[in-house]
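Number of protein chains: 2
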Amino acid sequence: MATIEDVAKLAGLSRSTVSRVINHHPYVSEKKKQLVYAAMKQLEYYPNSSAQRLRRQKTDTIAVLVPRLTNPFFPVLIEELDLVAVEHGLQLLICQTQQNEEKELSFLNLLKTKQVDGLIFTAIENDWETIAPYKEWGPIILCNEYKSEATVPIVRLNQVKGSYLGTKHLIESGHTKIAFCGGTESELGIDRKKGFMKAMEEAGLIMSEDWFFPSSYSIDCGKDILKTLFAMKNRPTAVFTGSDEIAAGIIKEAKSLGVSIPDELAVIGFDDQPIAELMEPALTTIQQPVKDMGKKTMEVMVSMLNSDIVNDQDQIYELPIRLVKRQSV
Amino acid sequence: MATIEDVAKLAGLSRSTVSRVINHHPYVSEKKKQLVYAAMKQLEYYPNSSAQRLRRQKTDTIAVLVPRLTNPFFPVLIEELDLVAVEHGLQLLICQTQQNEEKELSFLNLLKTKQVDGLIFTAIENDWETIAPYKEWGPIILCNEYKSEATVPIVRLNQVKGSYLGTKHLIESGHTKIAFCGGTESELGIDRKKGFMKAMEEAGLIMSEDWFFPSSYSIDCGKDILKTLFAMKNRPTAVFTGSDEIAAGIIKEAKSLGVSIPDELAVIGFDDQPIAELMEPALTTIQQPVKDMGKKTMEVMVSMLNSDIVNDQDQIYELPIRLVKRQSV
Numbered sequence: 001m002a003t004i005e006d007v008a009k010l011a012g013l014s015r016s017t018v019s020r021v022i023n024h025h026p027y028v029s030e031k032k033k034q035l036v037y038a039a040m041k042q043l044e045y046y047p048n049s050s051a052q053r054l055r056r057q058k059t060d061t062i063a064v065l066v067p068r069l070t071n072p073f074f075p076v077l078i079e080e081l082d083l084v085a086v087e088h089g090l091q092l093l094i095c096q097t098q099q100n101e102e103k104e105l106s107f108l109n110l111l112k113t114k115q116v117d118g119l120i121f122t123a124i125e126n127d128w129e130t131i132a133p134y135k136e137w138g139p140i141i142l143c144n145e146y147k148s149e150a151t152v153p154i155v156r157l158n159q160v161k162g163s164y165l166g167t168k169h170l171i172e173s174g175h176t177k178i179a180f181c182g183g184t185e186s187e188l189g190i191d192r193k194k195g196f197m198k199a200m201e202e203a204g205l206i207m208s209e210d211w212f213f214p215s216s217y218s219i220d221c222g223k224d225i226l227k228t229l230f231a232m233k234n235r236p237t238a239v240f241t242g243s244d245e246i247a248a249g250i251i252k253e254a255k256s257l258g259v260s261i262p263d264e265l266a267v268i269g270f271d272d273q274p275i276a277e278l279m280e281p282a283l284t285t286i287q288q289p290v291k292d293m294g295k296k297t298m299e300v301m302v303s304m305l306n307s308d309i310v311n312d313q314d315q316i317y318e319l320p321i322r323l324v325k326r327q328s329v
Numbered sequence: 001m002a003t004i005e006d007v008a009k010l011a012g013l014s015r016s017t018v019s020r021v022i023n024h025h026p027y028v029s030e031k032k033k034q035l036v037y038a039a040m041k042q043l044e045y046y047p048n049s050s051a052q053r054l055r056r057q058k059t060d061t062i063a064v065l066v067p068r069l070t071n072p073f074f075p076v077l078i079e080e081l082d083l084v085a086v087e088h089g090l091q092l093l094i095c096q097t098q099q100n101e102e103k104e105l106s107f108l109n110l111l112k113t114k115q116v117d118g119l120i121f122t123a124i125e126n127d128w129e130t131i132a133p134y135k136e137w138g139p140i141i142l143c144n145e146y147k148s149e150a151t152v153p154i155v156r157l158n159q160v161k162g163s164y165l166g167t168k169h170l171i172e173s174g175h176t177k178i179a180f181c182g183g184t185e186s187e188l189g190i191d192r193k194k195g196f197m198k199a200m201e202e203a204g205l206i207m208s209e210d211w212f213f214p215s216s217y218s219i220d221c222g223k224d225i226l227k228t229l230f231a232m233k234n235r236p237t238a239v240f241t242g243s244d245e246i247a248a249g250i251i252k253e254a255k256s257l258g259v260s261i262p263d264e265l266a267v268i269g270f271d272d273q274p275i276a277e278l279m280e281p282a283l284t285t286i287q288q289p290v291k292d293m294g295k296k297t298m299e300v301m302v303s304m305l306n307s308d309i310v311n312d313q314d315q316i317y318e319l320p321i322r323l324v325k326r327q328s329v
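Chains as they are written, first to last, in UniProt numbering: chain E, 1 to 329; chain Y, 1 to 329.
Rather than coming from a laboratory, the hints here were simulated on the basis of the structure. Watch out, some of these pointers could steer you wrong.
A pair counts as met if it fits within one copy or between any two copies, since identical chains are not told apart.
Here are the simulated lysine to any residue pairs, SDA-like style, with alpha carbons at most 20 Å apart [claimed, not checked]:
1) LYS32 to GLN42
2) LYS135 to TYR45
3) LYS114 to ALA2
4) LYS135 to GLN42
5) LYS32 to THR3
6) LYS103 to GLU129
7) LYS103 to HIS88
8) LYS33 to GLY12
9) LYS194 to ARG322
10) LYS114 to TYR45
11) LYS147 to ASP60
12) LYS41 to SER106
13) LYS112 to GLU44
14) LYS135 to THR61
15) LYS161 to LYS193
16) LYS223 to ALA282
17) LYS103 to VAL86
18) LYS291 to GLN98
19) LYS147 to GLN327
20) LYS31 to GLY174
21) LYS41 to LYS135
Keep in mind the model is a prediction, meaning the values are calculated, not measured.
Build the full structure now, drawing on both the sequences and the hints.
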């Protein structure tokens, strides 16, 4: 493998001149530059990026922490983050936390050890107290999930409003007995429950604790919920879910057991994933503007990277959320 | 921010001793090590990883090239690659090529510029001739898509057999007029067509070129195909697709137009994604053992990284593939 010395020898120049050309120093003549580039090409010499990056203390890499890629919500978000990142010469390091606190901390260390320039959380496993000290090592943004005590930019949706809209739609369709399957136990999940409770209270309705399924997220969770509901003596006539996957699982299992949707059970999803439209009946759901959220997040990251002020802002960017009516209610 | 000099000063040792401790050199006394670690902790000094990695010429990072994360096949594959990588202290850099040749080359340069230790292709955009020279910069593995002229390890499925099994099932169910919607125009796609043609020829059946849809891959492609088929005077009674997404699109559009599946059109998918089981009717499909493929690929990568011999093997690992019968045929 060719070395910088080989390049210097072939170009007939000093090692330091070659180094100056590689590192784009000013005051190197065009003629010398051409000699160095020609020698580099002939010898197939490529400057070591680690060395180059070490010099300018930049990696041009952004870590994106996701709980799991197999939830279709996250690939759509990442695709958008990636598209905007590439436009700015940045690359993404996708880090799956598998919802593990230790793993999340090891990824946070990427920022501390300067392996990434910035970090984006799409879900959060540790307390903010644990995460906050990492702020001094580079820009951090919360995108999707959030902590109200966080002192970094947050790009999020109004989850209270989302679940309020969905629950209100169930109530206006005549339902009084409604189950709630929260997607996560995060602050986002708590806000969704708040919106649900707000709509219930406004209508003077009371929720049975038996109809509350807090930590559900997958198709299989949805199947289990349907079975549990239909084993109850006093069962709800509608169910509000925290993801289209849960809702799809409920509908699938309902079919297996001969339960008619929406006649015997109305179901509402969350996200508006492709699956929502494909289900039979098609899912009524809360549409999250995932692409807009990804775009906004990466734009904020780029502006933080380009400014010398790191993490001194705690701006909240809240994007609109809306109800999409289909056939499951 | 603390420097190595600050650590040396606080520990009462020389800069070079501190450096030896950080880089795990032998012949440093336990007492001096403890002094250095205590000083590092007190000053919150973290060695720069770029510098450490530069020294040992390793990044512990593997690039995984995917066409797009929004095809659910790839997140499942990546999740498995990630789980095995983490077990071996490796992290993944997920690179979306968006099926763009230029982007693929820019990611290949990660290997050349030593930003990653190895590289895994899950789809291939450029000719093998273009990719081959990068072999000298580190281990490359083809996983899922393949090129027969490639001289690196390949972890793949027998695609000829997959589509042969599916097509044979359609023929045995009484179909003689069968459309073919290949997922990609890659060698993988060509092999799928070979398997299809083999089953057709064995049964003495002829395929109309009008029933051949080569570059289809999404739900929307499936919808368009259904419309095209039902606008034909002489139309097929069955369709073999290259992905569950195409098949789901066909079924969805069929419902919109009041076409009965499988009575008026039998449909067979490919992959066995979660969507296959959720569709109504549930999709008969070719099951790809995605997780096994991911596990095998990362195991081969680890063994290549741990040996000094780089890319001199061109072993093909071919995993089993099978037909899953549901209700769409």
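Hints versus structure:
For a Cα distance limit of 20 Å, the shortest separation of LYS32 from GLN42 inside one copy, 15 Å, qualifies, whereas the shortest one across copies, 48 Å, does not. Taking the shortest alpha-carbon separations for LYS135 and TYR45, only the inter-copy value of 15 Å comes in at or below 20 Å, while the best intra-copy value is 38 Å. For a Cα distance limit of 20 Å, the shortest separation of LYS114 from ALA2 across copies, 14 Å, qualifies, whereas the shortest one inside one copy, 28 Å, does not. For the homomeric pair LYS135 and GLN42, the shortest alpha-carbon distance between copies (19 Å) is at most 20 Å, but the shortest distance inside one copy (45 Å) is not.
With identical chains, the CA atoms of LYS32 and THR3 are at most 20 Å apart within one copy only, with a shortest distance of 18 Å there and 36 Å across copies. For a Cα distance limit of 20 Å, the shortest separation of LYS103 from GLU129 inside one copy, 17 Å, qualifies, whereas the shortest one across copies, 39 Å, does not. In this assembly of identical chains, the alpha carbons of LYS103 and HIS88 lie at most 20 Å apart only when taken from different copies (14 Å versus 28 Å within one copy). Taking identical chains as interchangeable, the C-alpha atoms of LYS33 and GLY12 lie at most 20 Å apart only when both belong to the same chain, with a minimum of 12 Å there against 46 Å between chains.
With identical chains, the CA atoms of LYS194 and ARG322 are at most 20 Å apart within one copy only, with a shortest distance of 17 Å there and 47 Å across copies. For the homomeric pair LYS114 and TYR45, the shortest alpha-carbon distance between copies (12 Å) is at most 20 Å, but the shortest distance inside one copy (26 Å) is not. Taking the shortest Cα distances, LYS147 and ASP60 never come within 20 Å of each other, neither inside one copy (27 Å) nor across copies (32 Å). For the identical chains of this complex, LYS41 and SER106 are inter-copy neighbours only, at 17 Å across copies versus 39 Å inside a copy, given an alpha-carbon limit of 20 Å.
Only between protomers do LYS112 and GLU44 lie at most 20 Å apart by alpha-carbon distance; the minimum there is 10 Å, versus 34 Å within a single protomer. For the identical chains of this complex, LYS135 and THR61 are intra-copy neighbours only, at 17 Å inside a copy versus 24 Å across copies, given an alpha-carbon limit of 20 Å. Only within a single protomer do LYS161 and LYS193 lie at most 20 Å apart by alpha-carbon distance; the minimum there is 10 Å, versus 50 Å between protomers. In this assembly of identical chains, the alpha carbons of LYS223 and ALA282 lie at most 20 Å apart whether taken from the same copy (17 Å) or from different copies (16 Å).
For a Cα distance limit of 20 Å, the shortest separation of LYS103 from VAL86 across copies, 10 Å, qualifies, whereas the shortest one inside one copy, 26 Å, does not. Taking identical chains as interchangeable, the C-alpha atoms of LYS291 and GLN98 lie at most 20 Å apart only when they sit on different chains, with a minimum of 16 Å there against 23 Å within one chain. With identical chains, the CA atoms of LYS147 and GLN327 are never at most 20 Å apart, being 34 Å at best within one copy and 46 Å at best between copies. Taking the shortest Cα distances, LYS31 and GLY174 never come within 20 Å of each other, neither inside one copy (81 Å) nor across copies (75 Å).
For the identical chains of this complex, LYS41 and LYS135 are inter-copy neighbours only, at 18 Å across copies versus 42 Å inside a copy, given an alpha-carbon limit of 20 Å.
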